[in-house]
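Number of protein chains: 2
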Amino acid sequence: MKRSQRVGAICQILTESPGKIFSLSYFCEKFSAAKSSISEDISAAKEAVRIAGYGYIETIPGASGGVKYVTDISPEKAKEVQENLCTLLQEESRILGGGFLYTSDIMYNPDIVKGMAQIFAKKFRDAGADYVATIETKGIPVAFMTAQLLNIPVIVIRRETKISEGATVSINYFPGSSERLQKMSISKRAAAPGSKVLIIDDFMRGGGSIKGLVEIFSEVDISIVGIGVAIVNIEPEKKKVQNYFPIVHLGEVDETAKSVEVIPNCQIF
Amino acid sequence: MKRSQRVGAICQILTESPGKIFSLSYFCEKFSAAKSSISEDISAAKEAVRIAGYGYIETIPGASGGVKYVTDISPEKAKEVQENLCTLLQEESRILGGGFLYTSDIMYNPDIVKGMAQIFAKKFRDAGADYVATIETKGIPVAFMTAQLLNIPVIVIRRETKISEGATVSINYFPGSSERLQKMSISKRAAAPGSKVLIIDDFMRGGGSIKGLVEIFSEVDISIVGIGVAIVNIEPEKKKVQNYFPIVHLGEVDETAKSVEVIPNCQIF
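Those protein sequence lines, which keep their order, are chains A and B. Note that UniProt numbering numbers the first sequence so that position 258 is 258, with each residue one more than the last. Note that UniProt numbering numbers the second sequence so that position 145 is 145, with each residue one more than the last.
Heads up, some of the hints might be wrong.
Same chains, same label: a pair holds when it works inside one copy or across any pair of copies.
[Claimed, not checked] Think about it this way: if two alpha-carbon atoms lie no more than 16 Å apart in a straight line, the pair counts; the simulated EDC-like pairs of lysine to aspartate or glutamate are:
1) 77 <-> 16
2) 162 <-> 105
3) 183 <-> 160
4) 162 <-> 136
5) 188 <-> 105
6) 68 <-> 111
7) 2 <-> 40
8) 30 <-> 92
9) 238 <-> 219
10) 2 <-> 261
11) 238 <-> 76
12) 2 <-> 254
13) 211 <-> 252
In short, the hints are calculated from the structure, not lab data. All of these numbers come straight from a predicted model, not from anything done at the bench.
Please put together the full structure from these sequences, using the hints given.
So this is what it looks like as structure tokens:
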């Protein structure tokens, strides 16, 4: 095997499993190569990954050490993701009645979702989360992809209690958009007390649903280490939660003029 | 830039965007290198990816051609995914009342979901699907990851009509597990008539929900090109849909003996 092939294979293996630690011996065995060769290969792989611009390879020292791929996004690429999201949200055809926007195609598109997840993964990679948490439904893809990049599982809070969730803890809450009481429930098996979660969602208006998430996690002794929301409505100014991180802010949706105001979060990193 | 670094970077760039075509000129520009060098780099990258064992690099000829990364899974790795799933499903602690199993941790774990998605993506990569479709909630991650590997978007069928979905088409259906009539709805904006969808879901017992999906898609002139289900219950033998592709079959869940019967689909590829 040539060096270039080994370097290519190392880059690919690490990229396929972000956050997963691979020992040097793993590569020595896979490529039947000496440790010294693999060390040099990894140096080249680090440079290759730096040039590609999606993340970096980190060396973890010690007996259980090795190398892992950490996903990253440059400020320029993050800005592109934001601008693309703004352009998409401003399409006339998304405007529904009552100031609502159709966003399912955005939230279910792997390419777009990946860009948003890279922003969240970078922002919260040192937050120490054991899980990414979201409430069904539209935020699941971005939550799941963020979780994949951080190499941790997802918890999905359901709105209805399902038999397949086992014993659950439920709360009632007021979502921002209406004054109708709603319910959310978490399986008692979802996470051990003392765990830390990063909340990721697709949209927030008043913050009622996310406040509900904060409450339900507090009921099961799970702490919140961060809140990331793809689109945050500017109104109401006073939200039910603080310290959330938006990718873009959604302003006025004018049905008559067919215009949508969207402002990127300029303090992204 | 050294060849090994370029090869590493090419491997990584292609892996980050499965199914996306990159022209040779893209790499020439990115690395300030001649076409002949990039051609050789790509040959080395092909070999590197083959050795890594996650997929292969395909060359698309013609003016709009280039190279793309196609995700793949070897029969041996697919078997490992199946066996791991069997082992997990047989854990005593998953047994809930009424023969139900707790599977959320499996369906929300990126590592496990990726293996299942690789199997589905390989099985259905030539089916010509424009979308992967699923019904909320637990199948969303595996559907979404399959879609990512196939480089197509997801459609999520909702159980309740939401204002943010715009105009919807709804049907009533009988899920297999109870005789209580249920509702599902699809946004009219989700996909154009004439589109083709691949249905991916986490679990099937009688096939009622998936039959519902088939019906709702027929209402909006969308055709089904395949059905993949991670876990299919053996009982009832007679399902409401045919031609589905399971990863594993779930047999008897014995609450007293604390045993779970799981059989891998032996005709996987």
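Tested hints:
1. Proximity of residue 77 and residue 16 under a CA criterion of 16 Å is satisfied inter-copy only: 14 Å between copies versus 20 Å inside one chain copy.
2. Taking the shortest alpha-carbon separations for residue 162 and residue 105, only the inter-copy value of 15 Å comes in at or below 16 Å, while the best intra-copy value is 27 Å.
3. Within a single copy, residue 183 and residue 160 get their C-alpha atoms as close as 7 Å, and across copies as close as 15 Å, so both meet the 16 Å cut-off.
4. In this assembly of identical chains, the alpha carbons of residue 162 and residue 136 lie at most 16 Å apart whether taken from the same copy (13 Å) or from different copies (13 Å).
5. In this homomeric assembly, residue 188 and residue 105 come within 16 Å of each other (Cα to Cα) only across copies, at 12 Å, whereas the closest approach inside a single copy is 32 Å.
6. In this homomeric assembly, residue 68 and residue 111 come within 16 Å of each other (Cα to Cα) only across copies, at 15 Å, whereas the closest approach inside a single copy is 23 Å.
7. Proximity of residue 2 and residue 40 under a CA criterion of 16 Å is satisfied in both settings, with 12 Å inside one chain copy and 13 Å between copies.
8. When the C-alpha separation of residue 30 and residue 92 is checked against a cutoff of 16 Å, the pair qualifies neither within a copy, at 53 Å, nor between copies, at 35 Å.
9. Proximity of residue 238 and residue 219 under a CA criterion of 16 Å is satisfied in neither setting, with 24 Å inside one chain copy and 43 Å between copies.
10. When the C-alpha separation of residue 2 and residue 261 is checked against a cutoff of 16 Å, the pair qualifies neither within a copy, at 53 Å, nor between copies, at 46 Å.
11. Taking identical chains as interchangeable, the C-alpha atoms of residue 238 and residue 76 are never at most 16 Å apart, the minima being 31 Å within one chain and 55 Å between chains.
12. Taking the shortest Cα distances, residue 2 and residue 254 never come within 16 Å of each other, neither inside one copy (60 Å) nor across copies (54 Å).
13. Taking the shortest Cα distances, residue 211 and residue 252 never come within 16 Å of each other, neither inside one copy (24 Å) nor across copies (41 Å).
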